[in-house]
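Given two chains presented individually in distinct reference frames, assemble the corresponding complex, making use of the accompanying hints.
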Amino acid sequence: MDKLKKLLKVWTLWELLQGLSVTGKYLFKKKFTLNYPEEKAPQSPRFRGLHALRRYEDGEERCIACKLCEAVCPAMAITIEAAPRNEGAPQVNGAGRSSNYGNRRTTRYDIDLFKCIFCGYCQEACPVDAIVETRIYEYCFESRTGSVITKEELLKIGDQNESQLAADLEVDGRYR
Amino acid sequence: MDNKESLTIQLNDIEYQVEPGQMLIEVADDNGIEIPRFCYHKKLTTSANCRMCLVEVEKAPKMLPACATPVMDGMKVWTKSPKAIAAQKSVMEFLLINHPLDCPVCDQGGECDLQEIALGYGADQARYQEKKRIVKDKNYGPLVATEMTRCIHCTRCVRFGVEIGGIAEIGGTGRGDHMEIGTYVEKSLSSELSGNIIDLCPVGALLSKPFLYTARSWEMKSFPSIAAHDAVGSNIQIQTRNGAVMRVVPLENEAINELWISDRDRFSYLGLESDDRLTQPMVRNEEGKLITTDWQSALEAAVKGVQAVVNGAGGSALGAWTSPSSTVEEFYLLQKMVRGLGSSNIDHRLRQYDFSGQQEQRSPRLGITLPQVEQQNAILVVGANLRHEQPLLAHRIRKAALAGAEVSSVHPQGVVYNYALTQELAVDQLTPTVAAIAKALEEMGKGSELSGLSALTTNAVVEASHRVTAESLLRGDQALVLLGGLAYQDHNQSVLYALADAIAVMSGATLGVVTEGANALGGQLAGAVPHHGVAKQVVDSVGMDLGTMVEMPPKALLLMGIEAAEDLAEGAVEAIGQSEFVVSIAAFADEVSSRKADVVLPMAAFTETSGTFINMEGVWQSFQGVVSPKGEARPGWKILRVLGTLFNLDGFEFGDSESVLQEVKQACDAMESEGTDEEITSWVGPADWGNSSATAASGVAIYRGDALTRRSQPLQQSSLGKAEQHQHNEGATA
Chain A
497 MDKLKKLLKV
507 WTLWELLQGL
517 SVTGKYLFKK
527 KFTLNYPEEK
537 APQSPRFRGL
547 HALRRYEDGE
557 ERCIACKLCE
567 AVCPAMAITI
577 EAAPRNEGAP
587 QVNGAGRSSN
597 YGNRRTTRYD
607 IDLFKCIFCG
617 YCQEACPVDA
627 IVETRIYEYC
637 FESRTGSVIT
647 KEELLKIGDQ
657 NESQLAADLE
667 VDGRYR
Chain B
208 MDNKESLTIQ
218 LNDIEYQVEP
228 GQMLIEVADD
238 NGIEIPRFCY
248 HKKLTTSANC
258 RMCLVEVEKA
268 PKMLPACATP
278 VMDGMKVWTK
288 SPKAIAAQKS
298 VMEFLLINHP
308 LDCPVCDQGG
318 ECDLQEIALG
328 YGADQARYQE
338 KKRIVKDKNY
348 GPLVATEMTR
358 CIHCTRCVRF
368 GVEIGGIAEI
378 GGTGRGDHME
388 IGTYVEKSLS
398 SELSGNIIDL
408 CPVGALLSKP
418 FLYTARSWEM
428 KSFPSIAAHD
438 AVGSNIQIQT
448 RNGAVMRVVP
458 LENEAINELW
468 ISDRDRFSYL
478 GLESDDRLTQ
488 PMVRNEEGKL
498 ITTDWQSALE
508 AAVKGVQAVV
518 NGAGGSALGA
528 WTSPSSTVEE
538 FYLLQKMVRG
548 LGSSNIDHRL
558 RQYDFSGQQE
568 QRSPRLGITL
578 PQVEQQNAIL
588 VVGANLRHEQ
598 PLLAHRIRKA
608 ALAGAEVSSV
618 HPQGVVYNYA
628 LTQELAVDQL
638 TPTVAAIAKA
648 LEEMGKGSEL
658 SGLSALTTNA
668 VVEASHRVTA
678 ESLLRGDQAL
688 VLLGGLAYQD
698 HNQSVLYALA
708 DAIAVMSGAT
718 LGVVTEGANA
728 LGGQLAGAVP
738 HHGVAKQVVD
748 SVGMDLGTMV
758 EMPPKALLLM
768 GIEAAEDLAE
778 GAVEAIGQSE
788 FVVSIAAFAD
798 EVSSRKADVV
808 LPMAAFTETS
818 GTFINMEGVW
828 QSFQGVVSPK
838 GEARPGWKIL
848 RVLGTLFNLD
858 GFEFGDSESV
868 LQEVKQACDA
878 MESEGTDEEI
888 TSWVGPADWG
898 NSSATAASGV
908 AIYRGDALTR
918 RSQPLQQSSL
928 GKAEQHQHNE
938 GATA
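As you go down the protein sequences, you meet chains A and B in turn.
The working numbering applies: residue 497 is where the first sequence begins, and numbers increase by one.
The working numbering applies: residue 208 is where the second sequence begins, and numbers increase by one.
Hints were generated in silico from the structure; no laboratory data involved.
It is possible that part of the hints are untrue.
Pairs of lysine to aspartate or glutamate, EDC-like flavour, derived with a Cα cap of 20 Å [as the list claims (entries may be wrong)]:
no., chain 1, residue 1, chain 2, residue 2
1, B, 283, B, 263
2, B, 266, B, 280
3, A, 611, B, 263
4, B, 287, B, 320
5, B, 428, A, 577
6, B, 837, B, 280
In isolation and in its complexed conformation, chain B is listed as follows (with noise of 0.2 Å):
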């Protein structure tokens, strides 16, 4: 049988042309046509268990599950015919028999699957009598709050667990009226996808621990917006209540983040209510106290220093450094403001050491498109604890694992995967294993034309698993060779970044970079680094990178949105400590700022600012602020449009953040018509190893990436921040 054909269906006496295999529920969903349902869910496997989709089909003695019946042609199906209404009226009867009518008190109320079903296929009465059952609730930890009374055994979270998180923590225990869903041996949950159960529980049974109670579905607005943790730009929306931001939910978004969101970016907004939010512009007097002020004053000081330096010891004595969650619009105006002062002294790489092979390397890009990842046969992860860094990215390579990809990863150890790679090579350092693999490919015939690889790779010792590695990206026909956020943390970044690439162009694979933070691949086109302006233009001077920053503090530098006790690479600490005047723009008050900066100005945190994010694919990605800054705080783009006016420098005349937006895209836009962005025509190899004899960096644990998740308490008491808390304090002791 050719199973391209297109089969004809009757669904309500209507024809539709349908693909074989093709269920009915989804050719209903396709066309409109309402069929309730409970575990039924598109992204899921499909269990069956609810019955609540039973159809009427021609010539079956009984109510046909629309989720479990595939079409056939010919079919005759009804969905709203009196034995299928009768059918659904039934099953939603004993639904209700074990469901308590606590409505009233339950957080779904309102957005609540059996509610809405009841109201539309159930009867008005209840017959049932008897004692309804009670079931224990279960602690799942401090992100998902259980009333398992409530469950109507759907399994939709089991499922999830098992396909979309990996980790297989939930399940059924029991059967009958005696089925319970939970952990069985209680426990956290410890995906870092797990808050996506509580979208998918179709009825109150699973709910946001730290929502509890405390707004409705109806009372509050929603906003789009964009997750600001990880380079996957995920769409979310934003829902607030009296100006202040209740919850996060994920938006629908297939090319993006399909349903789902991380944890990370669902509960982080818990952190914007901090008590050590900065609210008021501050400037340091005589006795070297901050003592709070007005916006006038505190720009005035900070421009008065900063020029103070800039006119005695030239531009290039002024330094900025800039968070990798910064937006586009915040990176264009701090890198035209400094180098309109005269300096090229700008990075937001805050937690790289090797900054040498800058020139010679492409912008942080994905290289194909995140749905593209799934079709990927061969993967090589090099330095990366996806899972932590990118967890999308991460989901989206598990399902090409699990369609059958072979997937490899060069890490540190500790990192963990949620499925079986091909090769998992966990080594104390990263360099020589990524050497043994190119120089696998190398005697396999390959690499003739990259001269000066085989000065990189001499001393590498070719092992079994890593000709095993070689071969699968080379059976592959769309491989993958992806370098992540530890990559870029490790000393040897030069020499990891000319391998992977190696590797890349020798297996005829794409070569992905994913580094840290929201934005930097918006930090590159918008010209935060030394070495380039915005959209790769060419700078007349090379600035200095943080690495050299570092080594040699500036005498005047801006932070923005840095807390610099947690947020940078070592020894940064101390060169602020050394820099004579230090600016600081941020939204939450640091130790290290508090004790050193001069001039303290509150910027307005994630979902109090308007900006734009480019996500790892190179999407732009716009969002509003969607509440009010907190106290005095204002917008970062609008603090440097003020003070680059105080400055008396040209062209920062900006009304909206639109505006600003419109002046990158513009110079971006004809980057991309000339074509410069991402052909690099020849690879280039460092002449040597530089530092051998660093181990692999291990990385930031999955909530310390940055300010507002490091606030936010619940993340921190989820098992996941816990366990990493842990790990982070034991690697700092030893």
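Next up, chain A with everything else stripped away, as it sits in the complex (with noise of 0.2 Å):
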């Protein structure tokens, strides 16, 4: 009895048309891929690509360069070099401010994108949100040392896109 069960099995190819029922099935569904470029796909406020600086509404770059950052970073991407910049520091004293010498401020603060794992540490430690990952992931470079993104660049992406990443922070601002 089971030898001809078997039997018929074989020479009607059941378990052959078992699997391309499978496959016949996702032939009428919807389609998951998309017409990337023309297409995307949708992104959680969580989203972890291009970094970027923020600055202040007053324009004051957030950064105070406490290089928490720098030191968190588990692929050591990222480079800080700190002096105080008296320039824009308040006259007065203020509350964690100093009137005799300027503010702790960056001269330099470079990511290498190569390196970078896009892990999320620097934004999660950052203390003044100076430090985040936008949702840009479509960039490229066309020499070796374009991998390196300088403050500059940085602090121009956070421009561009701060009111996606205002609003990207006020939802997980619930979270955490």
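So, in structure tokens, the structure goes:
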């Protein structure tokens, strides 16, 4: 009896049809594939793409050169140099700010995107929400050194995407 | 009650044997039990005002501060009981009420006591919702930055000023919420040890201004090293980041610098990045211009020029002057090279005038150890501005004075002590006064065995003050006569030395000698002097000392680590001008060598070279280069090694500075085992007073002593640096 069943399965290609039926089901279903670049996938507000440095509303850069992102970066992709900056420092002593010597600011803020693994720890560590990861994932480099993204470029990305970044942080802030 | 008896206490249920008078926190520290603290510091008096170290003591109704609770027999103490933890947590909460949450912008972040203790002993959340207070920052000058809002009023800096720095500049005004730490009337700090309050501050209220915002504690590498500006040989840590020196902090060594360093040692590194560092070898061309070249041709030019002079006029036409802050290795190789070329004209005593007593005089040693200085009961300082010359030796002597020692001083006008002296003899000429003290001792029936002493003291006029000084030395069973740098710059150095030695012999005191530079003793032991070789070996012919070389300039001159415009005794610059061929090995450009030197070889500066300093006690301390030399510069010992080889001299095949040191060390060990080092058996005095009209040298300003400190801008702008410069200029015009 078992022998007969087996023979029947072999000669009717039953298992093959069973497999093809799965394929066939998806043939008539709605397609997953997106027609990139015409179509794009939806993104979470926590999407971790290209980095940006943000500014306060008055135009002052947020980054205070605390170097926590540099310290936490598992790929050691961040390089920061800092110095006091007198320009724009408040004359009157305010909380946490000094009247004698300028503000703590970066003179250099480089991220090597070849090294970066987009873990988002830098954003996590930042006490002032200065370094963030944007939704941008479409970029390319044209030279070996192009992978290093400088402070000016980071600030520019931040300026261009500020409304989106602020909105995303607002949404995600509820869960922090 | 017998004070020597030891007591038994229980600390966290473990029994410990302790001595009466100890505080609980000391016992805990000795046994590795951690008690959090802010105001307590082992080198300062107890103020017990932060309350962080509260512990539970049996039968005490409330928690007691461990720093101010003396041990008692049978005491039971718990540092981690629920009550103690609750108390510590409450104190932490109070301390954090007014402390700003600005750790990310604070330079102390990462090495902050408050951060650490808040993590270990504080609550996880703040309950304080009200406004925090803000305090105006003070301006303490170019060395110390302030951020007074962060201050938690531990008063360590206040106590440091009173107890260690010796100048009560900082204090607390107001009370409660209105308390502020500051100078009251705004002023720059004027202590030569002021930088130490940066290390003492447990929070980020006092910070290093030149270092401000430049690096984080976790991204720097720390290397142990030895300070290069005075003969104390303070142990320091040089902290670097990306191959650049970021700051210098002390390294604790109870036997030498305790845990302090002077501002000069702390902030001199700022001169390293000066614009006028020499980074390329240079040779003078036919038109008389210095042009940069490569090492090979520069070294060949140097060798050719020196060889030409030596071949033409004999070895004695060569002279070498080296900085007293050179390393032992540099001293040794330089003298080996110069002597190999048939000359003995080598000297490192750049600011000395009178060399007539050099054969009889001992090497500049303190004679006792630095901790022993504190135990002296009588000290006579002759010709020294100690706070400027050797700040940490001055601190040790101050400690002795505060403990009851009678300290007297003979010094030129303008020398300021920060404690009351038994006798302060500020004079225009040192010799008559020192002679008078010697004569006072003679009149007390001492010194009959010192033949020739009376010749020196006959003209001395003994006054009451001299007698008091002499008596204080006789009273002290541990007495020290200290001859300082100003005495060595005196035109009567040989007389002063003989008199000081005589006073020491007559009063049973130790004679301590401390001159300028970081390694003057090393210079003597390595043989960088004309009258003896390495380890005091007798030389065939005594060479010319610096004074003689100034009078009769050698035809070829080697300058090592010298900035001729500032480092030399009067007349020496002119002597360089008269020399035919000058080779300058230096880290910094100076006008004299750029005008005159035929070959300029760039040398690695401090922190860039390995080497050894011998401090005033005779302790050999080696250190490593921690950053690479700037540009093409090379360590001094390497330059000398190559020069020696190019001169075809034997015994210059050294692989590292360590092997050079071994050679010197072997010679010195042999000397010590023979006992020929410091055993001067008989007192020898000079025949007469020599130059009796010259006034006492006023010395070098505190931050003008060597090329590196002169280039440290913050030091020059500090109140001490400015005041000294002012004085210096006045002296020059007068």
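We went through each hint and held it up to the structure:
Under the criterion of a C-alpha separation no larger than 20 Å, the hint pairing residue 283 of chain B with residue 263 of chain B is consistent with the structure, at around 8 Å. Of the pairs offered as hints, the one joining residue 266 of chain B and residue 280 of chain B holds, with about 13 Å between alpha carbons and a cut-off of 20 Å not exceeded. As the CA atoms of residue 611 of chain A and residue 263 of chain B are separated by approximately 53 Å, the hinted pair breaks the 20 Å bound. Restraint check for residue 287 of chain B and residue 320 of chain B: the C-alpha separation of about 19 Å stays at or below 20 Å, so the hint holds.
Restraint check for residue 428 of chain B and residue 577 of chain A: satisfied, since their Cα atoms lie roughly 16 Å apart, inside the 20 Å limit. Of the pairs offered as hints, the one joining residue 837 of chain B and residue 280 of chain B is violated, with about 62 Å between alpha carbons and a cut-off of 20 Å exceeded.
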